Amino acid sequence: MLTLECPYCGLMADETELSPGYEAHLKRFGPASSPEEFEAYMFARKNPKGVHFERWRHSYGCGKWFLAARCTATLEVFGTYPAQVGEPPADIIAKIQARRPEWKAGWQPDGKDTK
Amino acid sequence: MSTRLAKGGRLIDRTAAVEFTFNGKRMKGFAGDSLAAGLLANDQMLVGRSFKYHRPRGIVASGPEEPNALVNLGREARLEPNQRTTTTELFDGLEATSQNHWPSLEFDVGVINNYAARFMPAGFYYKTFIHPRPFWKHVFEPIIRRAAGLGKAPTQGDADRYEHAYAFCDVLVVGAGVAGLLAAKAAADTGARVILLEQAPVLGGRAPVDDAQVQGKPVEAWLSAMEADLAARDNVTVRLRTCAAGVYDHGYVLADERVADHTPGDGRPKHRLWRIRTAKVITATGAIERPLSFAGNDIPGVMLAGAVRDFAVNFAVSPGDRTVVVTNNDSAYQTALVLKAAGLEVPAILDARDVVTGALPEAARKAGIRVLTGHAIASVKGGKRVTGVSVCLQAGEGAVTEEIACEAVAMSGGWSPVVHLYSHCGGKLNWDNGISAFVPDPMRPPLNHDGSAMVECVGAANGDLDLSGTAPAIPPVWVMPQGAPIKLRLKMWLDYQNDVKVSDVQLAAREGYMSVEHTKRYTTLGMATDQGKLSNINGLAILADALGSEIPQVGTTTFRPPYTPVTIGALAGESRGDIFQPLRRTPMHEAHERAGAYFEPVGLWRRPYTFPRAGETHEQAVHREVVNTRTNVGLLDASTLGKIVVKGPDAGRFLDMLYTGVMSTLPVGKCRYGLMCNEQGFLSDDGVVARIDEDTWLCHTTSSGADRIHGWMEDWLQCEWWDWQVFTANVTEQYAQVAVVGPNARKLLETLGGMDVSKETLPFMQWADGTLGGFPCRVYRISFSGELSYEIAVPASHGAAFWAACTQAGKAFGAMPYGTEGLHVLRAEKGFIMIGDETDGTVIPQDLGLDWAISKKKADYLGKRGQERSYLASPDRWKLVGFETLDGSVVPDGAYIIADGTNANGQRNTQGRVTSTYYSPTLKRGIAMGLLKHGPTRMGDVVEFNTVQGGTVKARVRDTMFYDKDGEKQNV
Amino acid sequence: MSDPVSALNGASFTGFATIREIGPLGMISLRHKGGAALTKAIKAAVGTKVPAQRRIEIKGEMACGWMSPDEYLLILPYAKVGATMAALAKALAGEHHLAADVSDARAVFRVEGAKAAEVLAKLSPVDFAKLERGELRRSRAAQVAAAMWAQDGGFTVVCFRSVAGYVMGLLIHSAQPGSELA
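Chains A, B and C are the protein sequences, given in the same order. Taking the working numbering, the leading residue of the first sequence gets 1, the next gets one more, and so forth. Taking the working numbering, the leading residue of the second sequence gets 116, the next gets one more, and so forth. Taking the working numbering, the leading residue of the third sequence gets 1088, the next gets one more, and so forth.
The hints are simulated quantities; they were obtained by calculation from the structure and are not laboratory data. There is no bait here: all hints are sound.
Each computed DSS-like pair below joins lysine-lysine, with the alpha-carbon atoms no more than 27 Å apart:
hint: 1; chain 1: B; residue 1: 1080; chain 2: B; residue 2: 1069
hint: 2; chain 1: A; residue 1: 27; chain 2: B; residue 2: 979
hint: 3; chain 1: C; residue 1: 1120; chain 2: C; residue 2: 1136
hint: 4; chain 1: C; residue 1: 1120; chain 2: C; residue 2: 1177
hint: 5; chain 1: B; residue 1: 1084; chain 2: B; residue 2: 874
hint: 6; chain 1: B; residue 1: 979; chain 2: A; residue 2: 46
hint: 7; chain 1: B; residue 1: 140; chain 2: B; residue 2: 499
hint: 8; chain 1: B; residue 1: 602; chain 2: B; residue 2: 499
hint: 9; chain 1: A; residue 1: 49; chain 2: B; residue 2: 395
hint: 10; chain 1: B; residue 1: 926; chain 2: B; residue 2: 874
hint: 11; chain 1: A; residue 1: 49; chain 2: A; residue 2: 104
hint: 12; chain 1: B; residue 1: 1039; chain 2: B; residue 2: 1069
hint: 13; chain 1: B; residue 1: 1080; chain 2: B; residue 2: 1039
hint: 14; chain 1: B; residue 1: 979; chain 2: B; residue 2: 785
hint: 15; chain 1: A; residue 1: 27; chain 2: A; residue 2: 49
hint: 16; chain 1: C; residue 1: 1217; chain 2: C; residue 2: 1146
hint: 17; chain 1: A; residue 1: 95; chain 2: B; residue 2: 395
hint: 18; chain 1: C; residue 1: 1217; chain 2: C; residue 2: 1202
hint: 19; chain 1: B; residue 1: 543; chain 2: A; residue 2: 95
hint: 20; chain 1: C; residue 1: 1130; chain 2: C; residue 2: 1177
hint: 21; chain 1: C; residue 1: 1136; chain 2: C; residue 2: 1146
hint: 22; chain 1: C; residue 1: 1177; chain 2: B; residue 2: 785
hint: 23; chain 1: A; residue 1: 27; chain 2: B; residue 2: 973
hint: 24; chain 1: B; residue 1: 122; chain 2: B; residue 2: 455
hint: 25; chain 1: C; residue 1: 1146; chain 2: C; residue 2: 1167
hint: 26; chain 1: B; residue 1: 972; chain 2: A; residue 2: 27
hint: 27; chain 1: C; residue 1: 1217; chain 2: B; residue 2: 395
hint: 28; chain 1: B; residue 1: 543; chain 2: A; residue 2: 49
hint: 29; chain 1: C; residue 1: 1217; chain 2: B; residue 2: 300
hint: 30; chain 1: A; residue 1: 27; chain 2: A; residue 2: 95
hint: 31; chain 1: A; residue 1: 46; chain 2: A; residue 2: 27
hint: 32; chain 1: B; residue 1: 332; chain 2: B; residue 2: 122
hint: 33; chain 1: B; residue 1: 1084; chain 2: B; residue 2: 862
hint: 34; chain 1: B; residue 1: 971; chain 2: A; residue 2: 27
Quick caveat: nothing in here was measured; it's all calculated off a predicted structure.
Here chain A stands alone, though its shape is the one from the complex (with noise of 0.2 Å):
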């Protein structure tokens, strides 16, 4: 039963008052994708043991979604930040790496974004 806070609405929610909604960061392939892209993006899913960023709502709350970054192994949460961006804020990504300097960063399933 985790705790995330709300980027939106300043508070440490309950699990029970959110909604998962699995990986983030996926880019949207539509009818103009090859097969390899558009199964990518339906079906290749990361599933790490490590860090991981997911997309909760706040559905018992303000309804918004936001994303999470925290490690599936140990459940640490190095933090949460709204749904509307591209790729994660430079702090988290930073507290990641202060917290697991081996972790190579990347959040697309391809890859393609590693730094």
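Add chains B and C to chain A, keeping to what the hints say.
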């Protein structure tokens, strides 16, 4: 015999006698007694039978670790099986019965298993009941089920109430012994909000029994001062009778408060499940004493040494006149001293250690107690109770050096810290050679959301077994004597409840079990209701030894919540009966109830399925409703239909992405049917969209889809197209909606009066605002039945009155209410699809012949790319057609259309399936829709549906429009 | 036209706290991303300032609650909703916004008494000791969504109309005499 001492008993009130019964026998105890104490005070040594061999079982422990003394408590609607007598508070009128025996506790036929014990080794069931296969279901399992099991499940509903409660704190301290009290005080001193939980009805833990002084003060005085100190603080909450059952992610702790177990029927909730969120957990959960493995260590009268002194000090209960103490550590000497001080006899202390020099042993010697070092118990004598022990050398093979007559044996194999809560959420343990036990590893704690340590252990739970902080070493003694032959090992019990012996674990090791988790399941060690609180470490040690390995290498089994059993009642809390789950009611619900409606669940809604009249079956009622709607006029409560307002400069563009069709071009005042798909392309929801004004649309969804579709819209608006200017609002519950359906629909509305609902002013697929019968309303001219039909939305606060007005106005026109089943039949007669019938998450709109509702021009919509996948675009898809059985019968629900040949599994090949099937009262025959391979090109073909009874039903393929193909009835 | 009828027609219960269903209240869900026009429109509609994050501004029988960064709940007498909706449409003309009358979509309860918070603490994962005056908390009551705030020595609880019976059942269960938490 066990008995009540004349003096002492710090927890009992001798002026308050209570009466209780055990197996119908009347017994007397005192307020403050535990049931176990009450039983022992009445010389009830035998309290149950073991699970497998049905051996006599007595009380072993004094706390929640008790494996044996489980009873049925209460009766009928207050019957609770498997209640531990050691944690049950005695009250006047308590009724307890023993478990797991037949026909009686004293004479049990199941004990024959005991004599056959050598034929029932570890894994006996796995090895024996494999062949012949059918025997398992019909012979072995029923017999085993009757013979097995502990308490009997109650057959009546629970008469008691339960509830949940949420609590929040900075520091949660579990356990109110000295360590817990000190931790709570220290945390409170920092200003933190503190909750202190104690499973017992009193504070103090073991200290009042084991320690004369705390911090230089007499223990009772220290405790009262501490209690008063904490009680005076606003930031400390102390909860007694509350057991922390589990520690979960991010400081979430479940705790079970036994509010009224000891005062049944007083109106309070029996249990309260606390759902606590804390920044930090401090466990001061103490330690549990380990039994020693010697032959006959399960005979009633063999008890843990700590328990013996608990019973003596707390309840003034003597386990017998003569108690032999057997130990590998100093703590058991306290028991000898306590018994001696109470005027009882301790014939000998058998200490497995060769050299014993501590303060307690010295005190025992000084008190004149005979201490035999390097000695062990070879075997315990007795059947249903202890009559004596045979003594041997610990280093030897069990040659008897002496026999001592006694009524009780107090044993101590050392103490294991209660590390359960630390481990629940991933905290790691280290093996401590000094005390021969697992202790928390503070470097590898379970983590909080911020990465900090979530749980810290203090006191005995942390391995500090003595208040001084310098507990003497406890050398391991896993088998007594050291070189015990198989004859003795066959009688050394590890798990008392599940009858697992030293020899069983050794056998498992010989048979190749190396993992402790596998051995646990194979032997059932630690799988009983006590979850191995006494047996696990001893079993582990035996396994490690048999594998020639060390305990840390073998590791321990995973500790999982709950620490002690939590009843289903407590877990369910308030969720019972009428509030088991939220039922959604429309504003007209009570009117439907008065009209005798039979309801069905639609999501969480309850909707009338039909309105049966006296003497009618539901089927007859549905048919009447359908025919009446086709010939006169029907009224349907359509309030549950989802209604979502979508507004903004980009709303049209947004809806064009959401629906497969085009909504941006819909003129103001008009309605259009639309389909929504998920990104895989599968049909997800449908409904009519109305254009309200230049930048506002109202989207109708299915009854169970409103919240889901609203969430779906918000997902895309917030996470993908957040720069689009669109707002949504789910206004489903703002309106009560009534469908007025049938040839007389217009007449009914004209009787209500207030607005023009003529064909000219309000044609099909248009809407208008106005008033009807004085009610402000919005009228949609839409039809899900093929009849002349209006759906009228009024504010929900007027819904019941409007429904009544429609019913009244309809009397002259033969109006009747109809329910969801009538709605289904009406729509099926017209070939309209229903989400959830024609769709199941694998069907695309094209499969249903809905290509007309899919825009070919749009570059994109949700699901378009998915539908382009080759297997979804294949001409071999099963597609929607209608069916008419040749004999007029109704195709069974769920039937498949069979094809030639069989598949790889020998099953009949199929080429389609039914999706909707009804008796049409309009056509007086069975009609069906279904998916059929190449369906639309096979009109007139005859196919066969399988039936549940076997055999098939023949049906002719046709179009799905069974009634009024030209739509003449709705365009009037 | 009939008088508007609230979901439970004013049901009540007295346990260790008092439960009353009230209403119907006028309620307007107003979505807007903020700015001078919004401030003016809210002031004109209910006489309050725009509430800050998680706050509710109460003025007599009117109020404005913060529901999300772009959603506000206006509370006013039921009879005033029509005129207020019209005024909002005028005040926010040309602004991207959505105002929806949700007066009939809600049920409203008052939970009153010295231990009112204990009733709610059995149903909602909310730290009532830290709930500030004038704080509007959206959460759940057992299995359904609910919004609640402290007001006039008790709490006001808002839920969806269709589950009013369920929420009343929860409140009655939680307020049973003898089940006080402290």
